[in-house]
Every structure is written in C-alpha cells, then in structure tokens.
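There are 2 protein chains.
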Amino acid sequence: MRPETLDNLHRILGDKGIVTGADVHEGYYTDPRGLGDVRPNVVLRPASTAELSQIMKVCHDTAQPIVVQGGLTGLVTGARPQHNEVVITMERMNGIESIDVKAGTITVLAGTPLQVVQEAADAAGMVFPLDLGARGSCTIGGNLSTNAGGNRVIRYGMTRDLTLGVEAVLADGTVINSLNGFMKNNTGYDLKQMFIGSEGTLGLITRATLRLYPKPKTQVVAFCAADSFDAVADLMAHMRTGLGADLSAFEVLWAKTYAAVLSDVAGIKAPIPQGHAFYVLVEMMGSDAAHDTEKFETCLGQALENELIVDAVLSRSNAEIDALWDVRDGMAHAMGKQQPSVGFDISLSVADMKVIESELLRRLQAALGDVRLFIGGHLADGNLHLVAKSLKEGPQPRDTIQEIIYGWVGEVGGSISAEHGIGLLKRDYLAQSRSPAELALMRALKLTMDPKNLLNPGRVFDMGTAPMAGNAKAPTP
Amino acid sequence: MRPETLDNLHRILGDKGIVTGADVHEGYYTDPRGLGDVRPNVVLRPASTAELSQIMKVCHDTAQPIVVQGGLTGLVTGARPQHNEVVITMERMNGIESIDVKAGTITVLAGTPLQVVQEAADAAGMVFPLDLGARGSCTIGGNLSTNAGGNRVIRYGMTRDLTLGVEAVLADGTVINSLNGFMKNNTGYDLKQMFIGSEGTLGLITRATLRLYPKPKTQVVAFCAADSFDAVADLMAHMRTGLGADLSAFEVLWAKTYAAVLSDVAGIKAPIPQGHAFYVLVEMMGSDAAHDTEKFETCLGQALENELIVDAVLSRSNAEIDALWDVRDGMAHAMGKQQPSVGFDISLSVADMKVIESELLRRLQAALGDVRLFIGGHLADGNLHLVAKSLKEGPQPRDTIQEIIYGWVGEVGGSISAEHGIGLLKRDYLAQSRSPAELALMRALKLTMDPKNLLNPGRVFDMGTAPMAGNAKAPTP
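Protein chains in written order, with the UniProt record's numbering: chain P, 1 to 477; chain H, 1 to 477.
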C-alpha cells in the first residue's frame with residue numbers, strides 16, 4: 001500500500017481505527033484451522049457505516065483488495081488474509097441498536113457477537129433462535145454472510161430465514177440500506193438476499209434487522225436407540241407429524257460416532273448402552289406447559305410400540321436436558337479429536353443417508369485401505385457432518401478423500417456444503433454441487449457488484465478466465 | 001415480428017405451441033383490472049423448459065420483448081401485454097413432477113395452479129400451506145415470481161420461505177437449474193432468490209421444488225371484538241406468546257370495514273354486534289388433538305379477563321370455522337364493492353397502524369373533502385389492505401389519493417407493497433420505499449441478467465436513463 005493511501009485511511013479512521021506492521025497481532029490471521037501463513041500489513045477498524053463507506057471508496061480507487069473479519073470462527077478459511085489483502089474488522093461496529101418486542105425485531109451492528117444478541121432478546125422476554133457452538137465469539141455479520149445454520153434449523157430456519165433487513169457497503173463504498181423490518185415487503189428486488197450467504201464477496205454487511213420469537217414455555221428431550229436407518233427415518237416422520245411445529249431438533253449419531261463420543265470425550269455418561277445401530281436426540285419446544293410433556297411421551301410411546309425405537313431416555317429436568325445435549329454436542333468434540341482427519345458438512349436425501357456409511361467405506365477402502373468414518377448430524381434438515389480418517393502412517397491423503405467423498409456427493413445430487421460455506425477450502429469442489437450455468441451467473445453477479453474483485457477475492461469461486469467447471473476435481477468413478 | 005422469426009418459433013413449438021392474430025382470445029390480455037388495451041399479436045405456448053429455452057434464444061437474437069403469463073390473477077398489471085410484446089404463457093407447463101413425503105418436498109411445473117399443488121400435497125397426507133383467494137386459477141410460477149403472501153404467512157412464511165429450489169430460463173435462453181431440494185445448501189450464491197419476487201424481470205421460472213408440512217391435527221378459530229388499537233396489539237402479543245408456533249392467523253377489521261362486510265356482502269351473519277372499534281379473527285392450528293382447544297380457550301379467557309377483548313365467539317365445528325373465515329374473507333369482497341375507489345396493500349409498524357385511520361382521513365379530507373376509508377388485514381404480518389374512496393361526483397382522483405397515501409407510507413418508513421408486488425401499477429411510487437442506491441443496484445442486476453431488457457420490460461421499474469428517484473411523485477406535505 002502506498003504511503004498516501006495509508007494516510008488517507010488514517011485520516012478517515014483516526015489512531016484507534018488502524019493497526020499496522022508489528023502491531024498486527026495473531027488474532028487477525030488465526031482461525032479454527034490455526035495460524036494463517038500471511039500476516040496482514042494493515043488492519044482497518046471502522047467504527048461506523050460512514051467510515052466503512054469512506055475506506056471502501058479509498059480501497060476501490062486504489063484497487064486494494066480486502067478481507068472482512070467477524071469473529072474468525074468460520075470453518076472454510078474465508079476470513080484468513082491472503083497476500084496483499086488489507087483486513088477490515090467489524091470489531092468496533094458492535095452493539096444492539098434497537099429492540100421492538102411488539103414487532104418481534106432487533107436491529108444490531110454486524111460486529112455484535114451472537115451471544116450478545118441472544119442475551120438481549122432474552123432480557124426482553126423473547127428468543128433469537130440462531131445458536132451454534134461459537135456463539136460467544138462469532139458475530140452476526142459473519143452468521144449472515146455465511147447463512148449460518150445450527151441446531152434449531154428444523155423449527156426456525158437458517159440465518160437467512162431469521163433476517164428481515166440488511167445494510168451493506170458495496171465495493172465502491174455505496175451504502176445499500178435495506179434495513180426493512182417487515183415480514184412482507186414486495187417492493188422490487190429483495191437485495192438483502194445478495195449479501196446473505198455470499199461470504200462477503202458481494203458487499204460488507206454493516207447492520208441487520210432480525211426476527212425475534214416468543215420464548216417457548218416447555219422443553220423436553222429424549223435420547224433414543226434404533227436398530228436400522230429405516231426405523232430412524234420413520235421415527236423422524238412420526239415425530240414431525242406428532243409434534244408439528246414444536247419439533248425443535250432431530251439429531252442422529254451413527255453407532256461408531258456414539259462409541260467415539262463415549263470413549264474420547266471427557267465427562268460424557270452413556271444415556272443408553274452401546275450395541276445399537278443409531279442414536280437419536282429428539283427435542284420438543286412447546287407452548288403448552290400443562291400438556292406438552294404428555295404429548296411428547298405419547299408420541300414417543302407410540303414409536304416404542306411400533307418398534308421404530310428400541311430404547312429411550314426422557315429428560316426430567318433442565319440438568320438432564322443439558323446432559324443429553326452434551327452427548328449430541330460431544331459429536332463435534334469426538335470428531336475434532338480424530339485429527340489428523342478430513343471433515344465434511346453435506347446435505348443428502350434420506351435415501352442417500354441410508355447408504356452413506358457402506359458406500360463411502362467401500363470407496364475409501366478400495367482406494368486407501370483401512371479407513372475410519374464418523375457420521376452424524378441434523379437429520380431432519382438433511383444435513384450430516386462426517387469425518388474420514390485414513391489409518392495409514394503419514395499425512396492424511398486429504399485430496400483423495402475429498403475427491404472420493406465430494407465425487408459421491410456430486411453423483412447423488414447432494415450438497416458439498418450444507419451450512420459451513422465454501423470459502424477457500426471447498427472452492428475447488430464447488431462444481432460438484434453447481435452447474436456451469438449457475439457458476440457463470442454467480443461470476444456475472446460478482447462482476448456487476450464488485451467489478452475490481454476487491455471483496456474477499458477468491459473466496460467461493462475464482463474470477464480467473466478458466467471456465468469454472470474446469471476447476472472441479474473429477475469425481476472418482 | 002418478422003415472418004422468418006415467426007417461422008423459427010413455429011418450428012420450435014409446433015402448431016399447438018403458437019397462437020396468432022384473430023385466434024388470440026381475450027384471456028391473454030385480461031386481468032383482475034379488466035380487459036387490457038393491447039391485444040397481443042403472438043402467444044407462445046412452450047411445453048417444456050427446452051422449448052422455452054429455444055424460443056428465448058430466438059427472442060434474444062431478434063431483441064423481441066416478451067411478457068410471461070401464469071394465471072393472470074396479479075393485481076398490479078404485471079402480466080398484461082404492452083405494445084410490441086409477445087406473450088409467453090406457461091399454461092402447457094402444468095403438472096406435479098414428483099412428491100417426496102419423507103423429505104417433505106414437491107416438485108412442480110411453473111404453470112401448475114396453486115390448488116392442484118395443494119390437492120396433491122393433501123392426497124399425500126401433507127399440506128402445502130400457501131393459500132390465497134385466486135388458488136384455483138393462479139399458478140405456482142406466478143406465486144413465486146410475485147413472492148405471494150396470503151393468510152398463513154405468520155405461521156409458514158411467504159412463498160419465498162416455502163421454496164427450496166427453482167429452475168428458470170434467462171433472457172438469452174440459458175437454463176439455470178437450481179432445483180435444490182435441501183433446507184441447507186450453502187454452496188455459493190442462492191440464485192433462486194434472484195427469480196423469486198422479481199416479477200419475471202430477471203428470468204422465467206419453469207419448475208420449483210417446494211416445502212410440504214405435516215397436516216395440523218386441530219384448527220380453532222375465534223372472532224373477537226376490541227375497543228382500542230392498543231388492546232388489539234396487546235392481544236396479538238398475548239396470543240403469540242400463548243400459542244407459540246401454533247398461531248396461524250391474526251386478521252383485523254377496522255369498524256367501518258366490518259360494517260361494510262355486514263351491509264354489502266351477501267350471506268354474512270354478524271358473529272358479534274357492531275359498535276366496537278376493531279374485530280379480530282384469531283386462528284390456531286395445532287398438533288395436540290386432545291388439548292389444543294383447551295389451550296386456545298385458556299388463552300382467550302385470559303384475554304377477556306385482562307380486557308384485551310370485550311366479546312368473543314369460538315368455533316365449535318368446521319362449519320363455524322368456515323363461517324368465521326367468511327366474515328374475514330368478506331373484507332376483500334366489501335372492498336371490491338366500493339368501486340370506483342383506490343386500493344392499497346402496505347406494510348407498517350404497529351405504531352403507525354394505530355394512527356393510520358385518523359392520519360389518512362385528515363390528509364385525504366383536507367385535499368378532497370368527504371372520503372371513505374376501509375382498513376383491515378394481516379396485522380401480525382405487519383400488512384394492511386385499504387381502500388380509499390372520494391365521495392365527490394366524477395372519476396376518482398386516483399393520483400391525488402395515491403400521492404397522499406404513498407407519501408405518508410414513505411414518510412413513516414412503511415412498504416408501498418406488502419404482498420401484491422409493483423408491476424406497472426405502482427412503479428411510479430417505488431422510490432417511496434426504496435432508496436436511490438437500492439434502485440440503482442436493482443437496475444444494475446437487471447442489466448446483467450437481461451441486458452436487452454426483454455423480460456417483462458417496464459415492470460417494477462423502468463430502465464430509462466432518468467434516475468429512478470426522479471420518477472417518484474413527491475410526498476404531499
């Protein structure tokens with residue numbers, strides 16, 4: 001960056017708004033995959049939409065690429081600085097702007113941590129239902145730009161579904177204020193959709209108006225065992241019909257994943273003995289304090305009677321609810337402990353979930369010999385997480401494992417990223433889930449909104465001249 | 001159109017696929033506002049996505065503008081042919097392609113009537129919850145391209161929220177197949193959002209994969225009277241908290257609207273006498289056959305006790321449910337009977353709804369003398385419908401009424417179109433709800449996806465060189 005550009009940025013942001021050289025600490029280039037290999041020279045810390053607009057004008061005029069950062073908790077290397085990129089952090093644009101209980105809305109700055117939004121909603125007697133493990137450090141801006149999912153998508157939807165309005169700054173500094181607070185607003189194109197889930201490549205989200213919901217009055221959790229995948233699928237349909245809109249989670253652990261949770265995660269007590277094929281956490285959040293538990297028990301009793309499940313434990317207290325969720329959340333910890341290994345976050349049809357373990361083990365073992373596979377996730381959302389690990393000595397054959405698994409996901413028409421996004425990490429496999437025509441249209445939209453390719457360049461897809469489809473690894477036959 | 005172009009189109013579509021000259025019947029240029037003043041010379045009737053793609057290539061090569069038609073039930077003159085436009089009707093792309101009860105999805109062709117989709121879902125033991133008066137003739141493609149709302153948005157959302165995947169044909173014939181069937185799919189830009197709610201200006205929707213829900217087990221309706229708007233707003237919060245996700249409708253009629261329903265619509269019996277300020281229909285759709293009615297009664301009893309409502313009638317049978325809904329639906333009929341008059345479909349904050357009647361009557365009467373105003377709608381969605389009528393002899397002063405009402409809506413930050421869209425009818429007022437920067441971005445997106453301005457040209461906004469903001473009528477002070 002030329003000194004006069006730095007001076008311009010300094011004039012806009014003041015001393016507090018800019019960090020350079022040796023003062024740039026590791027927090028600006030570390031994410032869940034570890035310390036990045038590019039230390040940024042300049043970190044910009046705008047305190048307002050106006051400041052962000054002005055610095056983007058400077059960056060646009062000087063063709064300076066930027067990477068935007070929220071809480072740096074993303075799992076696909078989207079926020080790590082690359083060569084020549086200046087960091088724009090949203091850490092000073094942090095706070096609740098307003099809350100309207102009657103309308104059921106909250107307006108927050110993009111750098112606000114998710115947990116702060118949850119707590120503000122709670123204090124107002126409402127609930128902001130987005131929830132994920134990184135709640136304490138991830139930011140709303142990051143949640144929006146990655147369209148975060150989490151544990152209660154089945155009931156409340158993805159971040160996109162929880163968002164009424166967005167304010168964003170375009171690459172040239174233009175402020176797009178679509179801070180709509182209405183559930184219904186058919187006045188031209190719904191521009192907020194451009195910024196949600198596009199991973200910071202089309203604009204920088206600065207504020208959002210989000211939906212709040214009444215607090216549920218009841219919460220009941222069951223942990224069940226089933227002996228076949230068909231039984232699990234039937235249980236899902238049964239609980240959906242029985243609980244209606246009150247079904248709030250349906251989480252499944254494959255047997256080997258359950259075994260790993262019990263053996264590798266400290267402090268987890270088995271609610272049900274091992275020896276079954278599948279373990280399911282079902283949760284209900286209802287509005288009828290007098291009868292919800294009875295409704296849930298009736299529904300679960302029918303499932304036992306119809307042999308959809310062979311064993312079940314029902315929560316009788318908040319402590320027991322927490323203990324059962326600890327088993328489910330132990331899945332992430334157990335998968336994390338398999339390092340070195342290769343992780344996946346995919347969407348599949350129910351029919352493909354049925355065969356995923358046998359099919360992928362067959363393909364992986366044919367190519368790599370002994371392989372372990374840990375599978376589980378948000379079954380009712382169609383979303384599974386999995387970890388594959390070659391038992392051979394030496395570094396994990398990451399490319400081969402990815403080619404085999406993404407190849408199969410592409411073959412069966414699944415999604416290579418259900419909730420984590422693409423970032424840099426999955427970019428080369430995007431064409432497994434999207435057609436050449438779709439990728440060409442994405443590029444055309446990017447070119448329209450960010451003609452100099454300055455916003456998070458290279459994330460999601462590359463703007464290079466090679467046709468997108470050519471970037472994809474060929475699926476392994 | 002030149003004869004060789006017509007020949008090309010004929011070759012693609014065959015005899016059944018093209019109607020010209022005197023064979024073009026009035027159905028192709030009549031909508032709820034009556035017979036259009038432009039009779040189209042050519043109507044194209046593609047039977048498949050492939051045929052539509054080929055004819056769009058021809059239209060693109062010859063710069064032939066088109067207007068796309070579903071059921072022609074839209075209320076904003078979006079589907080009426082304009083000079084030089086060729087009609088493309090989706091009437092032959094009609095049918096259910098597949099239904100997957102376990103996944104809760106249905107894939108349908110764009111020309112399928114909404115009611116056919118509802119009935120297919122019902123036959124499979126599920127529900128497709130989008131519902132509006134035109135269900136028998138409106139098509140799914142039209143519902144999607146206008147992001148239709150309807151009566152149960154509070155529980156199930158708008159059409160956008162019910163849509164998982166879309167296939168569409170771009171202006172140049174490119175097929176964008178984003179027929180995703182997953183709730184979670186963060187693989188690059190969510191392109192279906194470009195086609196939903198953009199009123200056919202960015203692409204022609206050919207197929208969609210939609211969400212199905214389990215059938216509710218119970219339905220209970222109450223019709224209530226309240227003596228102040230504050231009481232109505234408190235009732236809404238109370239029922240939301242009390243019924244949680246089971247609250248499926250909260251519809252409000254202002255006193256004069258209720259009076260008009262009772263006096264002007266045949267066959268409506270007053271469930272509650274006149275003399276109150278507001279009348280409210282509350283509906284619950286639940287999953288607990290044993291206890292839902294009790295929960296609803298308890299909730300309503302508290303509302304009576306706390307004097308949020310002063311009278312209430314509860315449905316005791318399906319016939320009574322229908323009769324209470326007839327009163328609510330009578331609102332549309334009563335508003336229709338005020339012709340000549342000027343209709344509106346707006347979103348507002350609860351605070352602005354409280355003053356809408358007094359504020360608009362004051363402004364309208366100052367300009368026009370004696371004026372009648374009929375107000376009511378989906379309060380919990382933030383969406384009101386209203387009809388204004390000058391009592392002076394002669395044609396309605398439509399422009400003045402629109403300027404005053406849209407001017408006020410713009411002033412208070414409301415939306416000039418909650419669910420009907422913009423079309424040609426509201427185009428000149430779009431800038432009351434959207435900023436110059438938003439309108440410029442809309443135009444840039446249109447230019448990218450339809451560079452020759454061939455798809456529904458002039459609907460939503462004009463691509464002319466004048467800045468968009470200049471098109472807006474100035475709000476009346």
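In short, the hints are calculated from the structure, not lab data. Be a bit skeptical, because a hint or two may be false.
As the list claims (entries may be wrong) - Computed cross-link-like contacts, DSS-like style, restricted to lysine-lysine with a CA-CA straight-line distance of at most 30 angstroms:
#, chain 1, residue 1, chain 2, residue 2
1, P, 337, P, 354
2, P, 217, H, 215
3, H, 102, P, 215
4, P, 217, H, 57
5, H, 215, P, 102
6, H, 256, P, 217
7, P, 215, H, 392
8, H, 392, H, 452
9, H, 102, P, 102
10, P, 215, H, 215
11, P, 57, P, 452
12, H, 217, P, 102
13, H, 102, P, 354
14, H, 337, H, 256
15, P, 354, P, 269
16, P, 102, H, 354
17, P, 256, P, 337
18, P, 354, P, 256
19, P, 57, P, 16
20, P, 217, P, 256
21, P, 215, H, 217
22, H, 102, P, 256
23, P, 215, P, 256
24, H, 215, P, 354
25, P, 452, H, 215
26, P, 102, P, 217
27, P, 392, P, 256
28, H, 256, H, 102
29, P, 217, P, 269
30, P, 452, P, 16
31, H, 57, H, 452
32, H, 256, H, 57
As the list claims (entries may be wrong) - These stretches of chain H come out as covered by chain P in the derived footprint (C-beta under 8 angstroms, 3 or more residues):
#, region
33, 222-233
34, 357-371
It should be emphasised that the depicted structure is a prediction, and the values quoted were computed from it without experimental measurement. Backbone N, C-alpha and C fix where the C-beta goes; we use that ideal spot for every residue, glycine too.
Checked hints:
1. P:337 - P:354: With a Cα-Cα distance of about 25 angstroms, the restraint between residue 337 (chain P) and residue 354 (chain P) holds, given a limit of 30 angstroms.
2. P:217 - H:215: Cα-Cα ~23 angstroms, so holds.
3. H:102 - P:215: holds (29 angstroms)
4. P:217 - H:57: violated (56 angstroms)
5. H:215 - P:102: Given that 30 angstroms is the threshold and the Cα spacing comes to 29 angstroms, the pair holds.
6. H:256 - P:217: Violated: residue 256 (chain H) and residue 217 (chain P) sit about 38 angstroms apart, past 30 angstroms.
7. P:215 - H:392: violated (51 angstroms)
8. H:392 - H:452: Roughly 45 angstroms between the alpha carbons, so the hint for residue 392 (chain H) and residue 452 (chain H) is violated.
9. H:102 - P:102: violated (36 angstroms)
10. P:215 - H:215: Holds. Residue 215 (chain P) to residue 215 (chain H) sits at ~24 angstroms (cutoff 30 angstroms).
11. P:57 - P:452: The hint holds at about 12 angstroms.
12. H:217 - P:102: Cα-Cα ~29 angstroms, so holds.
13. H:102 - P:354: Holds. Residue 102 (chain H) to residue 354 (chain P) sits at ~13 angstroms (cutoff 30 angstroms).
14. H:337 - H:256: holds (14 angstroms)
15. P:354 - P:269: Given that 30 angstroms is the threshold and the Cα spacing comes to 27 angstroms, the pair holds.
16. P:102 - H:354: Given that 30 angstroms is the threshold and the Cα spacing comes to 13 angstroms, the pair holds.
17. P:256 - P:337: holds (14 angstroms)
18. P:354 - P:256: Between residue 354 (chain P) and residue 256 (chain P) the Cα gap is close to 15 angstroms, so the pair holds against 30 angstroms.
19. P:57 - P:16: Holds - the C-alpha atoms of residue 16 (chain P) and residue 57 (chain P) are around 20 angstroms apart, at most 30 angstroms.
20. P:217 - P:256: violated (35 angstroms)
21. P:215 - H:217: Holds, because 23 angstroms separates the two Cα atoms, which is no more than 30 angstroms.
22. H:102 - P:256: With Cα atoms ~25 angstroms apart, residue 102 (chain H) and residue 256 (chain P) stay inside 30 angstroms; holds.
23. P:215 - P:256: Roughly 36 angstroms between the alpha carbons, so the hint for residue 215 (chain P) and residue 256 (chain P) is violated.
24. H:215 - P:354: holds (26 angstroms)
25. P:452 - H:215: violated (50 angstroms)
26. P:102 - P:217: The hint holds at about 18 angstroms.
27. P:392 - P:256: Judged against 30 angstroms, a Cα distance of about 19 angstroms means the pair holds.
28. H:256 - H:102: Distance ~47 angstroms between residue 256 (chain H) and residue 102 (chain H) Cα, so the pair is violated.
29. P:217 - P:269: Given pair residue 217 (chain P), residue 269 (chain P) holds - Cα atoms ~28 angstroms apart, limit 30 angstroms.
30. P:452 - P:16: With Cα atoms ~28 angstroms apart, residue 452 (chain P) and residue 16 (chain P) stay inside 30 angstroms; holds.
31. H:57 - H:452: holds (12 angstroms)
32. H:256 - H:57: The hint is violated at about 53 angstroms.
33. 222-233: It is violated: at least three residues are needed, and the region 222-233 of chain H offers just 1 whose Cβ sits closer than 8 angstroms to chain P.
34. 357-371: Result for this restraint: violated, n = 0.
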